[in-house]
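Protein chains in written order, with numbering that gives the first Met the number 0: chain A, 0 to 291; chain B, 0 to 170.
Some hints could be false.
[Stated by the list, open to error] Per label pair, the in silico range of CB-to-CB distance:
| hint | chain 1 | residue 1 | chain 2 | residue 2 | range |
| --- | --- | --- | --- | --- | --- |
| 1 | A | Thr157 | B | Asn4 | 30 to 36 Å |
| 2 | B | Ala81 | A | Glu18 | 42 to 48 Å |
| 3 | A | Arg43 | B | Gly116 | 43 to 49 Å |
| 4 | B | Glu138 | A | Asp244 | 32 to 38 Å |
| 5 | B | Gly99 | A | Phe267 | 28 to 34 Å |
| 6 | A | Pro172 | B | Glu140 | 46 to 52 Å |
| 7 | A | Glu64 | B | Arg142 | 30 to 36 Å |
| 8 | A | Gln149 | B | Glu57 | 30 to 36 Å |
[As the list claims (entries may be wrong)] Some chain B residues close to chain A (C-beta under 7 Å, calculated; not the full set):
| hint | residue |
| --- | --- |
| 9 | Gln13 |
| 10 | Arg17 |
| 11 | Pro21 |
| 12 | Gly41 |
| 13 | Glu43 |
| 14 | Thr51 |
| 15 | Gly116 |
| 16 | Leu149 |
[To be verified] Non-contacting residues of chain B with respect to chain A, defined by C-beta distances greater than 10 Å in every case (computed):
| hint | residue |
| --- | --- |
| 17 | Glu20 |
| 18 | Arg22 |
| 19 | Gly37 |
| 20 | Gly45 |
| 21 | Glu57 |
| 22 | Ser58 |
| 23 | Arg60 |
| 24 | Leu83 |
| 25 | Gly93 |
| 26 | Gly95 |
| 27 | Val96 |
| 28 | Ala144 |
| 29 | Gly147 |
| 30 | Gly154 |
| 31 | Met169 |
| 32 | Lys170 |
The hints are simulated quantities; they were obtained by calculation from the structure and are not laboratory data. All C-beta atoms in this analysis are idealised placements derived from N, C-alpha and C, irrespective of residue type, glycine included.
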Amino acid sequence: MKPAPFEYHAPDSLEQALELMSQHAGEAKILAGGQSLVPAMNFRAAQPAVLIDLNRAAELSYIREDVNVIRIGAMARERHLEFDSTIAKRIPLLHEATPFIAHPQIRNRGTIGGSLVNADPAAELPVLTTALSARLKARNQSGERWIDAQDFFVGMFTTALNADEILVEIELPFMPARTGWSFMEVAPRAGDYAMMGVAALVTLDESGKCKGARIVYLNAGEGPVDAKETAKLLEGENINDKLIDDAANMASEKEINPFGNMHASVEFQRHLAKVLTQKTLRVAIQRAGEMQ
Amino acid sequence: MTQSNSITLTVNEQEYTRSVEPRMLLSDFLRHELGLTGTHVGCEHGVCGACTILFDGESARSCLMFAVQANGHNITTVEGLAPLTSTPLPVGEGQGVREGLHPLQQSFWEAHGLQCGYCTPGILMSMLPFLKENPDPTEDEIRHALSGNLCRCTGYQHIVDAVKLAAEKMK
């Protein structure tokens, strides 16, 4: 298995990369961590004519705290997210979920931007950025624009980026006060693509009622599946076991649309979604309650 | 038109300069250009872990990188584990003489942590940074750390034993 020939560029600044992107719009691919693109090229499923390697653009690799948000450069490695103390403190959902992304050897190279732009419905980071209401900054030679994560993933392996745009930054708001979190997935082997996964956030008000919830699924449709109706069911309520069961049933039967694969039938995926919804909601509610 | 890029990189402390086509995988470069066939190639899509090397000290799949990306970087392969007996390294491009085994290799020998040995170089290169970060790992942590390396012979039990032994030896 060998990749098809391509023209290779390794710009050492974002400006140069944007210029190359504009010159080769439509025929160029960005090489970030390469942990999904290179396998696809080895299979010749992907045969980009031009490869623009961002690994030498050091300015895109950062994690920094700003006012009520954390800003992450698109080339920050998944391993850096995993061990970042600010993320652990301010966005514990992301901290909890990062070790589920593939294996350490993959996280050493894989980048947040690369995973988001790849838009694999079975990947963790698209689900997490959706659940966390991230904003994504795209740039081309003429300017920049911000895209909400929920509008970024437009289909299977498809994003809202234009052919001359590069994803440069991910802005993640701190998790709000009294917000509990949980991420769980079931995979045949640790690090494999999960058959089903759920990120849950629950915010309680001072009386312990649910102020807001977000429940987002991976491998449950063409992109991250945001179970909005299920979240509405919880809002304004004192969440008890019956309501958790109702929510799990609604999400797993009505809101997700899994396709099934060689490891899991559609029925099994729905079953996993139901059980994981119950479990993640319980953990998230408990954690939110502990912060009262 | 075939593009050719000149690269200079360090492999096991020795510097090499070569001309490569951008599509050449780092795994193929190590094996075919440098003759360092200790890095094994299994699946070539990042699943099996046989080609794991250290890239600037961190474990990575050499089949998921292009050799041209290693320009200016520091690579360690399984050939670089055993202690060097000749310093400085030979002028030119030799790998130098190494004798004996690294404690991690010694542990795999003693605990029978391999059968056919195909997966072993990748496992060693994954366990080296793991044991540096976790000098006293639990069995669960070891199994988790091994999840990115496939072995089809051993059932992993003796590999886990070997890593435990290596943790002892490397303390």
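We went through each hint and held it up to the structure:
no.: 1; hint: Thr157/A with Asn4/B: 30 to 36 Å; verdict: holds (32 Å)
no.: 2; hint: Ala81/B with Glu18/A: 42 to 48 Å; verdict: holds (47 Å)
no.: 3; hint: Arg43/A with Gly116/B: 43 to 49 Å; verdict: violated (30 Å)
no.: 4; hint: Glu138/B with Asp244/A: 32 to 38 Å; verdict: holds (36 Å)
no.: 5; hint: Gly99/B with Phe267/A: 28 to 34 Å; verdict: violated (51 Å)
no.: 6; hint: Pro172/A with Glu140/B: 46 to 52 Å; verdict: violated (33 Å)
no.: 7; hint: Glu64/A with Arg142/B: 30 to 36 Å; verdict: holds (35 Å)
no.: 8; hint: Gln149/A with Glu57/B: 30 to 36 Å; verdict: holds (33 Å)
no.: 9; hint: Gln13; verdict: violated (23 Å)
no.: 10; hint: Arg17; verdict: violated (15 Å)
no.: 11; hint: Pro21; verdict: holds (3 Å)
no.: 12; hint: Gly41; verdict: violated (11 Å)
no.: 13; hint: Glu43; verdict: holds (5 Å)
no.: 14; hint: Thr51; verdict: holds (6 Å)
no.: 15; hint: Gly116; verdict: violated (19 Å)
no.: 16; hint: Leu149; verdict: violated (9 Å)
no.: 17; hint: Glu20; verdict: violated (7 Å)
no.: 18; hint: Arg22; verdict: violated (5 Å)
no.: 19; hint: Gly37; verdict: holds (17 Å)
no.: 20; hint: Gly45; verdict: violated (5 Å)
no.: 21; hint: Glu57; verdict: violated (4 Å)
no.: 22; hint: Ser58; verdict: violated (5 Å)
no.: 23; hint: Arg60; verdict: violated (6 Å)
no.: 24; hint: Leu83; verdict: holds (26 Å)
no.: 25; hint: Gly93; verdict: holds (29 Å)
no.: 26; hint: Gly95; verdict: holds (27 Å)
no.: 27; hint: Val96; verdict: holds (30 Å)
no.: 28; hint: Ala144; verdict: violated (7 Å)
no.: 29; hint: Gly147; verdict: violated (3 Å)
no.: 30; hint: Gly154; verdict: holds (14 Å)
no.: 31; hint: Met169; verdict: holds (18 Å)
no.: 32; hint: Lys170; verdict: holds (21 Å)
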